[in-house]
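A.B. asks: Turn these sequences into a full structure, and let the hints steer you where they fit.
Protein sequences appear in the order of chains A and B. Once you know that position 151 of the first sequence is 150 in our numbering, the rest is easy, because the numbers rise by one and skip nothing. Once you know that position 39 of the second sequence is 42 in our numbering, the rest is easy, because the numbers rise by one and skip nothing.
Everything labelled a hint here was simulated from the structure, so no lab data went into it. Values in this document were obtained by computation on a predicted structure and should not be read as measured data. Treat each hint with caution, since some may be false.
Here are some of the chain B residues that sit facing chain A, going by a computed Cβ distance under 7 Å [as the list claims (entries may be wrong)]:
id: 1; residue: D25
id: 2; residue: S26
id: 3; residue: V27
id: 4; residue: A29
id: 5; residue: R30
id: 6; residue: A34
id: 7; residue: T71
id: 8; residue: S98
id: 9; residue: V99
id: 10; residue: Y101
id: 11; residue: P120
id: 12; residue: P123
id: 13; residue: R131
Virtual Cβ for every residue (Gly too), placed ideally from N, Cα, C.
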Amino acid sequence: MKMDLIQPFIGSLDTVLAEMMKAPATIADLAMEEDGYRRKGVAAVVTFKGQIEGRIVLDMDPQAAAKVASCLAGAEVDAAEPIVSEAVCELANMVIGNAVTQLNDRGFQFKVFPPSVLTEEQCAKAGQDSEATILCFETASGNVYLNVAMHYHARRSRERGPVAVA
Amino acid sequence: MKQFEALTRKDSQPVRYLIVDDSVFARKSLAKMIESFGGSLAGEAGDGCTAITEYARTKPDIVLMDITMPQMEGIEAVERIVQEHPEARVVMVSSVGYQDNILAALQKGARHFVQKPVKPDALYEIIRYVLNDDSVTAPVGAGESSR
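C.D. replies: Structure below.
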């Protein structure tokens with residue numbers, strides 16, 4: 000996957016985490032997904048369709064998720080409270096929304112679908128035509144993982160493919 | 004949260020808001036902001052269909068409307084609200100801020116757009132602009148001013 004497609008998601012997560020958690024986040028690790036993604040904490044998934052299609056999983060250590068929930072609620076929220084997953088959904092919505100806005104400015108058109116809580120322990124492996132990248136961000140409250148799996152829509156792929164010469 | 008100069012209607016009553024967002028947290032966060040602006044919450048909705056009925060029921064001064072929602076998205080809800088109530092003042096509040104979305108919302112009758120995460124100062128200025136635009140004054144009220 001081209002890094003210039005992933006970069007908006009990194010930048011967006013960095014900005015939104017800094018705004019929500021009032022502290023910087025640093026990238027600790029970047030890996031390609033080998034098998035289906037294994038959830039590590041409280042996670043939300045957002046899908047998008049258009050000239051690039053795919054899904055993003057935002058996965059947070061429970062303490063980091065509780066910190067975001069506390070910031071959004073304006074009051075202390077315990078990591079065990081069920082509303083923490085709702086907070087992760089809203090954070091995912093912001094991150095993906097800001098990233099696709101940047102990609103749209105570069106000519107890619109999308110439709111983003113509402114986030115949902117990821118309850119399965121393990122996601123299905125990204126499709127054969129998708130590449131999935133897992134980014135790990137370190138924050139003072141715990142790690143935040145961003146799993147980005149996307150591919151060019153078939154028609155766009157053909158447009159970008161090599162041109163046959165007679 | 005920072006307190007702003009109170010935005011009021013011409014009759015000195017608090018500005019009444021309808022908040023439409025499928026996220027409970029987003030609704031809570033916006034409710035806190037409008038409280039800091041001196042406003043009052045007229046109603047809430049978690050999707051576009053409910054927003055239409057809540058608008059008719061509460062007749063708010065301002066609607067803060069998310070775009071990406073289940074059942075009916077914000078842009079369609081704006082269109083239907085404005086068709087029924089041409090005086091409606093709707094401000095779109097969404098994380099997806101690309102030009103096509105903004106243009107579509109404005110074409111359907113939205114008055115303004117603000118991108119998430121929402122900064123209270125930005126939202127305050129937008130609401131003041133939208134209210135002034137429709138002959139509703141924003142005098143300095145009883146709110147503690149820190150601006």
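A.B. asks: Among the hints numbered above, which are violated by the structure, and what are their numbers in rising order?
C.D. replies: Going through the list in order, the structure violates hints 5, 6, 12, 13 and respects the others.
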